[in-house]
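K.L.:
Read top to bottom, the protein sequences are chains A and B. By my numbering, the letter at position 2 of the first sequence is numbered 2, and the numbering carries on one by one without gaps. By my numbering, the letter at position 10 of the second sequence is numbered 1010, and the numbering carries on one by one without gaps.
Please keep in mind that the hints were generated in silico from the structure rather than gathered at the bench. Bear in mind the structure is a predicted one, so any value in this text is a computation, not a measurement.
Below are the SDA-like pairs computed for lysine to any residue, each with C-alpha atoms no more than 25 Å apart in a straight line:
#, chain 1, residue 1, chain 2, residue 2
1, B, Lys-1008, A, Ala-147
2, B, Lys-1002, A, Arg-136
3, B, Lys-1008, A, Thr-160
4, A, Lys-76, A, Val-52
5, A, Lys-2, A, Gly-83
6, B, Lys-1002, A, Gly-117
7, B, Lys-1013, A, Glu-148
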Amino acid sequence: MKDLSLHVLDLAQNAVTAGATHVRITVDDQPEADTLSISIADNGCGMAPEMVRRVQDPFVTSRTTRKVGLGIPLFKNGCESCGGSFSLTSQVGVGTTISGTYQRSHIDRPPLGDMAGSMMVLIMANPELNFTYLHRLGKEEFLFDLAEIRAVLGEDVPITEPSVQQWMSDYLAQGLKTLYGGIFP
Amino acid sequence: MKSIEELKALRAKAQENVTLRKEDGTCRIVVGMATCGIAAGARPVLLKFVEEVKARGLNNVMVSQSGCLGMCALEPMVQVFMPDQEKVTYCKVHPEMVSRIITEHIVNGKPVTEYTYGAYVKE
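The shape of chain A in the complex, shown without the other chains (with noise of 0.2 Å):
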């Protein structure tokens, strides 16, 4: 993976599989405690504590199209090898929490990336469900909170509406560039 928007847009997608009808995203960008996490919690199926062990390793995957499932592993050895951790945890039934910290100066930490893009992606393909997103830089946030946009629009209108879609587009990347003053890390 080229970015961590890349990362967040392929645990997502486990949390889309797993049936979470509410899928919150957190990227918690703190300079000053030279950290950088990400955390994607849902409200899907869930996971027994084995099954929580076992799909950290490459060779395990709940898909029958092949033998390797390398999304959370990828993430996982990324996060360890830039000098930060990993964790998930898991309740069958109530849902599942994925994140990872980076230290947010090490070399091989991957740049942030498009997570407008990513968001954006989450949304179209999965118009049914419920998307929250937190972008925390220091003591300053940005929410992007789908649930609030469904609330404006009504019933009569999708958000898969192509001018919504372009709105939601320019919100999020405008949300995250006020918060970076255009600098991303």
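Once you've looked at the hints, dock chain B against the given chain A.
P.N.:
Chain B in isolation, oriented as in the chain A frame:
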């Protein structure tokens, strides 16, 4: 500045568009978006499809995603389902190939054979 207020203003116009939109003979464009697809660059491909469909105002086209199609080396893969036509699978799709697929296949109904899986396997 983009704001929720602006979205409220946009709503009326969006509602008009919804009424114009008809769900007839829907064509589906499906982009493989598993770990393999994402790592190979499927995200810009999907976003480009969405952009092209919007730019051309193709009301009967739906862009969506699927998991791994089982041939990770050929990702990003795109499958096109047209009404009354057999499914067409494109492999190693690059955003620059998207507008040609839209013009020739989606609009004019002729698959771009040189980008297809069949053409790739023959080589």
